[in-house]
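Taking the hints into account, I'd like the entire structure generated from these sequences.
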Amino acid sequence: MSDSAKMTMIQAINSAHDVLLENDERVCAFGEDAGYFGGVFGCTQGLQEKHGKSRVFDTPINEAAIVAMAIGMAANGMRPIAEIQFADYIFPGFDQIVSELSRLRFRTAGQFTAPLVLRTPCGGGIYGGQTHSMSPESFFTHIPGIKVAMPSNPYDAKGMLIAASESEDPVLMFEPKRLYNGPFDGDPHKPALSWSKHEKGEVPTGHYTVPLGKADIVRKGDALSVVAYGTMVHVALASARLAGIDAEIIDLRTLVPYDMETIAKSVNKTGRCVVLHEAPRTGGFGAELIAQIQEDCFYALEAPVKRVTGWDTPYPHAFEWQYFPGQERVTRAMIETLEA
Amino acid sequence: MTHAPSSNTLGFIVPEPAARPGDTPDFSSIGLKLDSPAPRPDPMCPASDTHTLANSLVRVLNDEHEAQGEWNPGLSAKDLRKGLHIMLKTRLYDVRMFKLQRQGKLSFYMKSMGEEAVAAAAGMALRYEDMLFPSYRQQGLLFARDRDMVDMICHCLSNQRDNLKGRQLPVHYTWKEGNFFSISGNLGTQFPQAVGWAMASAARGEDTVTASWIGDGTTAEGDFHGACTLASVYNAPVILNVVNNQWAISSFSGIAGGNNATFAAKAIGYGLPCLRVDGNDFLAVYAATGWAAERARAGHGATLIETVTYRADAHSTSDDPSRYRPKEEAAAWPLGDPIERLKNHLINLGEWDESRHEALTEALTKEVQANYKKAESYGTLREGPHAPVSSMFEDVYAEQPWHLRRQRQDLGV
Numbered sequence: 001m002s003d004s005a006k007m008t009m010i011q012a013i014n015s016a017h018d019v020l021l022e023n024d025e026r027v028c029a030f031g032e033d034a035g036y037f038g039g040v041f042g043c044t045q046g047l048q049e050k051h052g053k054s055r056v057f058d059t060p061i062n063e064a065a066i067v068a069m070a071i072g073m074a075a076n077g078m079r080p081i082a083e084i085q086f087a088d089y090i091f092p093g094f095d096q097i098v099s100e101l102s103r104l105r106f107r108t109a110g111q112f113t114a115p116l117v118l119r120t121p122c123g124g125g126i127y128g129g130q131t132h133s134m135s136p137e138s139f140f141t142h143i144p145g146i147k148v149a150m151p152s153n154p155y156d157a158k159g160m161l162i163a164a165s166e167s168e169d170p171v172l173m174f175e176p177k178r179l180y181n182g183p184f185d186g187d188p189h190k191p192a193l194s195w196s197k198h199e200k201g202e203v204p205t206g207h208y209t210v211p212l213g214k215a216d217i218v219r220k221g222d223a224l225s226v227v228a229y230g231t232m233v234h235v236a237l238a239s240a241r242l243a244g245i246d247a248e249i250i251d252l253r254t255l256v257p258y259d260m261e262t263i264a265k266s267v268n269k270t271g272r273c274v275v276l277h278e279a280p281r282t283g284g285f286g287a288e289l290i291a292q293i294q295e296d297c298f299y300a301l302e303a304p305v306k307r308v309t310g311w312d313t314p315y316p317h318a319f320e321w322q323y324f325p326g327q328e329r330v331t332r333a334m335i336e337t338l339e340a
Numbered sequence: 001m002t003h004a005p006s007s008n009t010l011g012f013i014v015p016e017p018a019a020r021p022g023d024t025p026d027f028s029s030i031g032l033k034l035d036s037p038a039p040r041p042d043p044m045c046p047a048s049d050t051h052t053l054a055n056s057l058v059r060v061l062n063d064e065h066e067a068q069g070e071w072n073p074g075l076s077a078k079d080l081r082k083g084l085h086i087m088l089k090t091r092l093y094d095v096r097m098f099k100l101q102r103q104g105k106l107s108f109y110m111k112s113m114g115e116e117a118v119a120a121a122a123g124m125a126l127r128y129e130d131m132l133f134p135s136y137r138q139q140g141l142l143f144a145r146d147r148d149m150v151d152m153i154c155h156c157l158s159n160q161r162d163n164l165k166g167r168q169l170p171v172h173y174t175w176k177e178g179n180f181f182s183i184s185g186n187l188g189t190q191f192p193q194a195v196g197w198a199m200a201s202a203a204r205g206e207d208t209v210t211a212s213w214i215g216d217g218t219t220a221e222g223d224f225h226g227a228c229t230l231a232s233v234y235n236a237p238v239i240l241n242v243v244n245n246q247w248a249i250s251s252f253s254g255i256a257g258g259n260n261a262t263f264a265a266k267a268i269g270y271g272l273p274c275l276r277v278d279g280n281d282f283l284a285v286y287a288a289t290g291w292a293a294e295r296a297r298a299g300h301g302a303t304l305i306e307t308v309t310y311r312a313d314a315h316s317t318s319d320d321p322s323r324y325r326p327k328e329e330a331a332a333w334p335l336g337d338p339i340e341r342l343k344n345h346l347i348n349l350g351e352w353d354e355s356r357h358e359a360l361t362e363a364l365t366k367e368v369q370a371n372y373k374k375a376e377s378y379g380t381l382r383e384g385p386h387a388p389v390s391s392m393f394e395d396v397y398a399e400q401p402w403h404l405r406r407q408r409q410d411l412g413v
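Chains as they are written, first to last, in our numbering: chain A, 1 to 340; chain B, 1 to 413.
Don't read these hints as lab results, they were simulated from the structure. Hints are all accurate, no fakes.
FRET-style restraints, in silico, Cβ to Cβ:
#, chain 1, residue 1, chain 2, residue 2, range
1, A, Gly52, B, Ser391, 41 to 47 Å
2, B, Gln103, A, Ala300, 56 to 62 Å
3, B, Glu383, A, Glu22, 53 to 59 Å
4, B, Ser377, A, Phe91, 45 to 51 Å
5, B, Arg356, A, Gly52, 55 to 61 Å
Quick reminder that beta carbons are idealized off the backbone N, C-alpha and C, glycines included.
Rendered as structure tokens:
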């Protein structure tokens, strides 16, 4: 058994890079400010010094070029991990992701592939305003050919990043930035918690993987199922605990392909379900989940499946906590679903 | 080249080509200095030493069909005939495939008529292990690398032998064994990818070069800027070719900014070396590509090459050029026809003659026809046989996930 250490999500992501760079000479990491400085959140801090400038380096401020360069490198035998500084900034690279990255294997009938990882911090809760708070995952879950993941804790973040880099498919990993330094349960008035006291903050220092496509039941329960990912996993846990609801809480972890088997098993057991995400409601990933839940679990359902999401507005700077789907809204939805 | 606003009233300018249908063709504004050919700097020179070349023209074949000047690559008669063979094969292949589209055998086609030298000469100047990121008018690269024509046609027919399993439009070839990347069909997206590919080769210490091609119109895309920035910043061993064929479907090169500066001149701001080349001069394209490849292989990084040529036919089978430019424009193009020029040069050298040319034309025409027959025996787009329908759900991911398995079952395949 390998050693473990207390890590924040940032340290866990950094450690995943370190392990990958150490184990596989094809791996390289780059992004805006990701080299010498180690990234604006520090996810690649110290790695250039340790692994050299040709393996961990800064890029020009051009997300399309970052994604394109990664595609070219990956097609030519490397395993790039590219950081997009904020998920809000990923859109200049959208064309490269939609039209090129996702289709390369298909378009070439498997002759060329681009096994690479794009990582990007997402979500609100740090007063980032409309340009540093987005959860744009559903723009990407609609693209055949890429995998989309969002870990909710240090242990998963490291294991999933290693799995992503070792995957033969391109993987887009959203990292909820509000979770970088501690588990955030949706209550902004409480003192910040530390990962050091959380069981998922205990992270092996060496190599391990958390498989993509597998959800994690973070709380077993019989009253209703809650499907969440990212920050909303912690909001769900706190809401259920405080309201004394015996919820079964599923941390989806991977959005494409999502673990419908685990969801269906749970919903068929509880007969009730609430789906959570921080992203806006209309056309959000919750719509996909609910559509599939009603197709697969309709006859087991005792109540309509509810969604708790961000509003269909841009993320407002001053009204962050009115926008964020916090404990009160989550609790209310759970109670309404139980009482329906 | 610079056009001052034509009136002193405020407003914006929508550039217009010198001639539209019914007008007399006029290429005087393109700035082709045919009398003062570009000098040849040392391939290891500082990039800035090439910047005066942005407004001149690298030329080897003069109007008397003689090879002259510092850029003359001194090719053997055998290689010259090989170049002629590749260009003529490309043209006859295109002619036949275009006709087949008109007969309903193909859904779509794009010819490289008039600009065959761009791909043929570059294909010969590069090494086989050099990586190619072409656009859709460089089928000559495939002929330069001796790709099986039957395989090419099978791709265009999307039949059961199509190496892309019926997933791509005709002409959008992929050929990994030939170090030929996949043509996506989106414009410019592959320019910065080529830089990434080149960086990976360099990281492994390989001395291979990567070359990519886009058109004049595509230089307006952000990916052009991205590619030039990356190539310059990381000193990548890549050749970035801008094929200025004057027309982007119906938009003349001025709509991409070509009236205000040459496309080669765009290199200056990136600190990249540039060459502006007579793209209908096989020897000039060969020499310029060789110059850039030698430079890149020696670790001196990327070069931007503008090949000045003319798209002598429609953009594709979907447009009619007589609706946006004079019918006589191709014939009036001052740089002539690349095949005629190389042919006349060989004749000048006493290494070719009209009867041999006719015989070659006849032999290649027959070869294309025979290859088409053979390709057709593997199926056609409309009638098949194709790859199995179930293959549509493959290669989206390395392994088929549950949702695609379900969707395949929904379709009943």
